[in-house]
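S.K.: Residue numbering for the sequence shown is 3 to 964, as defined by this note's numbering.
Accuracy of the hints is not assured; some may be wrong.
Stated by the list, open to error - Here are the simulated distance ranges between beta carbons: (1) L924 - A507: 34 to 40 Å; (2) T749 - V908: 38 to 44 Å; (3) R145 - P727: 21 to 27 Å; (4) D894 - R621: 38 to 44 Å; (5) T749 - Q677: 19 to 25 Å; (6) R621 - Q739: 40 to 46 Å.
Since the hints were made in silico from the structure, they are not lab data.
C-beta: ideal position from N, C-alpha, C; glycine also.
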Amino acid sequence: MNAPSQAPRESPELRALIDARYADVMAACRTARIPLYDDAGVAERIRRTLLASDFAFDIFRRQPDLLAPAGLERLRANTDAATRGASLDLPPDEERCMTALRRFRHAEAVRLVFRDVNGLDELDDTLSATSALYETLLDLALRWSESSLHLRYGQPRDGAGAPLRMVVLGFGKLGGNELNFSSDIDLVLAYASGGETDGSRPLDNGEYFVREARQLVRLLAEPTVDGICARVDLRLRPFGQSGRLALPFSAMEQYYQREGRDWERYAWIKARPVAGDRVAGRELQDMLRPFVYRRYLDYTAFAGLREMKALIDAEVARKDLAGNLKLGPGGIREIEFVVQLTQMIRGGRDPALRVRGLLPALRACEARGYIPAARAKALRSSYVFLRRLENRVQMLRDAQTHDIPDDALSRERLALGMGHASWDELALELAGHRDAVSAEFAAVLMPEAGGTAVATVADVALWQAACQETITAGMMEAAGFTPGHDVADELVKLPRAAAVRSMSARSAERLQRLMPQLIDAARDSVAPAASLLRLLRLVQAVARRSSYLALLDEQPNARRRVASVFADSAFLAERVIAQPLLLDDVLDPRIDQLPLKRADISAEIARTLGALDERDAERELERINEFRSSIAFRLGLAFNDGRADAPATARRLAGLAEAVVGAILTLATRELTAQHGRLPGEGSGFAVLGYGSLGGEELGFASDLDLVFVYDGKRANAMSDGPRPVDGTRWYQRLAQRVMHWLSAQTHAGSLYEVDTRLRPDGSKGLLVASVDAFEAYQRDRAWTWEHQALLRARPVAGDPALGEALAAIRRDILATPRDAARVRNEVGAMRARWRGERDRSDASRIDLKQGKGALIDIEFILQGMVLAHASTHPSVLDTPASSALIDALRDVDLLTQAQADTLHVAHADLLQAGLACTLDLRPRIATRTAALEALCVGVEEVARELGFDFGPRAEVVAQGA
């Protein structure tokens, strides 16, 4: 709470006014024989209240009991109106009921003024307490209306005989729990279903609830000698003023499905039940959530917001409202638009944004990274200032106004009440905030002329020629697209495509505006023809999805970025064409805030799944796939842009895969448990080992996953406790099968990963899942040297942590077994020679970056051979499965010289970089021989020879079971 600072000195005219009014209030207290004790500065607090509010002065004179000891306790109380409303007994007579409601509202409203101007409440407290007051009034008035109508018609019931109550939904500031002091209250009234009342004079539910609605509005809004309780606005209901006052849920759902407009979606963001049947109200909200928050990122919201803003601007101009704190330039509404636009675009996929109230929503947008911290701070500061000023303007005379008063005395009162020495000082701060808000709003609504950008005449002509089928290869080449034949052909085909011909009129208009701009964006890329060809495929893929066309239309940065990415990377382009949802990642403001650690990725997956309205395996699998694609795509962008190097990218891709395998295992365990129950014992008794690139944390963009499944053999014969019990062996077998199936299953978002389990004991001939004992026995007694090489890169990636630790210990113990170094070098060399002979795709002009001489596999075999030969005497080399870290570990124990380590580090990083670049361009990992590449590979071969490895061809190579 903010204690008020020393008030600036009032003008003589204002001091005289406050003195006179204070004297009038004291006279009213004496007349009513109410003693006023000036303890704790009561007099000064009353004077501050009189400075801020003519309304408070009027109520103090009419209800001097508010300044009696009990009344002062009420004014100081930090509990909201609901506490006191619960004990308010409304008389059965309508006129006396209306009087009681109004006097209650007056007393509670004066309390709000008293606490606000005396620094007892923060702005949030004032706004939420105002909302609580009107919710209390609604609840009291509704209960009185129900009692009155029940006496005449009985209680309304549904078709099954269950009693029904009206659902009162608050919108706008009331819905957001941030109501102005003198605001109207925006309501929509509904009821669950049809039926009739159970009285002697039964009414159809539709008629009953309309009558109840009229009674409710009359109690609150009809003027009496005591004024009104609340200004009630029902125009947000379906069909507006021409619609019925109350509708059943089914009619509400049908209306919003068929007739709902963008401005209604904005309105529903803040909607919440505020009186009546709140449980049913939440059910209605759940029913209408797909209307408010679209499943996919919804950039069509820009157009809707722009239309709303144009209507508001027209009203501002027509009514000369430029200084209006709410609707004028840089006003409160523009701040709301900035935040609500983010909510509408992303709220369907990010439930953290589905919050009511501007400040909570702004905090959510900032926390999720959609609004940068600096921008959020500026918007928050301006919003708090504008809302405080707006509230003080309304407190002045209890008027529903958002305009600064014209007279100097009122302006002085506002300035002094807000701690400013003069109106000029306050006006200067107000202008600064409005300018800042206007700039932020313009940047969001019209990003670099988004939605209004004009393409060049030449590009418009090219698109028109394509539509008229008169475009030629020569025209395209003259425009900068070489070769032009394919581009011209595809441009002609696009307007004839079925998806384009079936577009709505609005989407077709957007496409006509967009295509010349895409041509321009492609021309500015490094590969104009390739970029445009891929962009044309994208347009055809999203032709029926207006939101994606809107993104490209509304966001010039997105157009340029997509065109650039499509020119640079065939792989990333194909991902976007297959999954247009990834378009958002091209322009995601959080592009540099990726969750890079396994724990962070797992938490993000859990949050994403928690957002689903229905938790079924198929939907969760699809959402996991979308999430994986998004993170992998953004990692690809970071690598493609040079913001991340190859080792970091490969490590992060492995972390992503690890988190995904963990999420799929959790999902599979849940589904299996529902069918068969759990097995006895602590933990799941099941672990997934990652081998190869996953285990070694060097995963590529298109790598498969080498997995081995292991279970606790002590539970093999135990029975699960579900409705269809199975023994442990079958339970774990089915769990492994389910994990494999879901990792490779096709969804709308594609498949997660290809899975290879051939590194398990006995390879493809062995059981899919092995017990710990069987795994250990195989590795100790029957595994070949190459299998121990593979074991070096193995690590637990999912499952029971205790079992994972046990497997890590077994791995360490087996690899630390003393071995004959010469035999190890010979066997490793022989296997490498065999792989080269079978898999090396190098030729005279190109080098296989993975299997070629001196390439990545050579580095892996050098490191693995050194570990197997020396781990018994240098166990620290077993601490990591990753090649880069392993080079350092071997150097630290003097098994590699610094020069050898440097050679391997540089070669590993550069070859990995080149390999990932090939993947992003959809090329095999084979690169043209260059002097630099040759030097890298020769260096690796030299290190191999220095360490005693011979990877050259053999007369006879021992198979070793491979």
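S.K.: Against this structure, judge whether each hint is valid.
M.R.: Status of the hints after comparison with the structure:
Our hint of 34 to 40 Å for L924 and A507 holds, since their Cβ atoms are close to 37 Å apart. Checked against the given bound of 38 to 44 Å, the beta carbons of T749 and V908, roughly 41 Å apart, stay inside it. A hinted range of 21 to 27 Å for the beta carbons of R145 and P727 is inconsistent with their spacing of about 54 Å. Range check, D894 to R621: about 49 Å between beta-carbon atoms, so the 38 to 44 Å window is missed.
In this structure the hint that T749 and Q677 lie 19 to 25 Å apart at CB holds, the actual value being about 21 Å. One distance hint, 40 to 46 Å for the beta-carbon pair R621 and Q739, is violated here, with the actual separation near 21 Å.
The structure fails hints 3, 4 and 6 (numbered hints given earlier, in ascending order).
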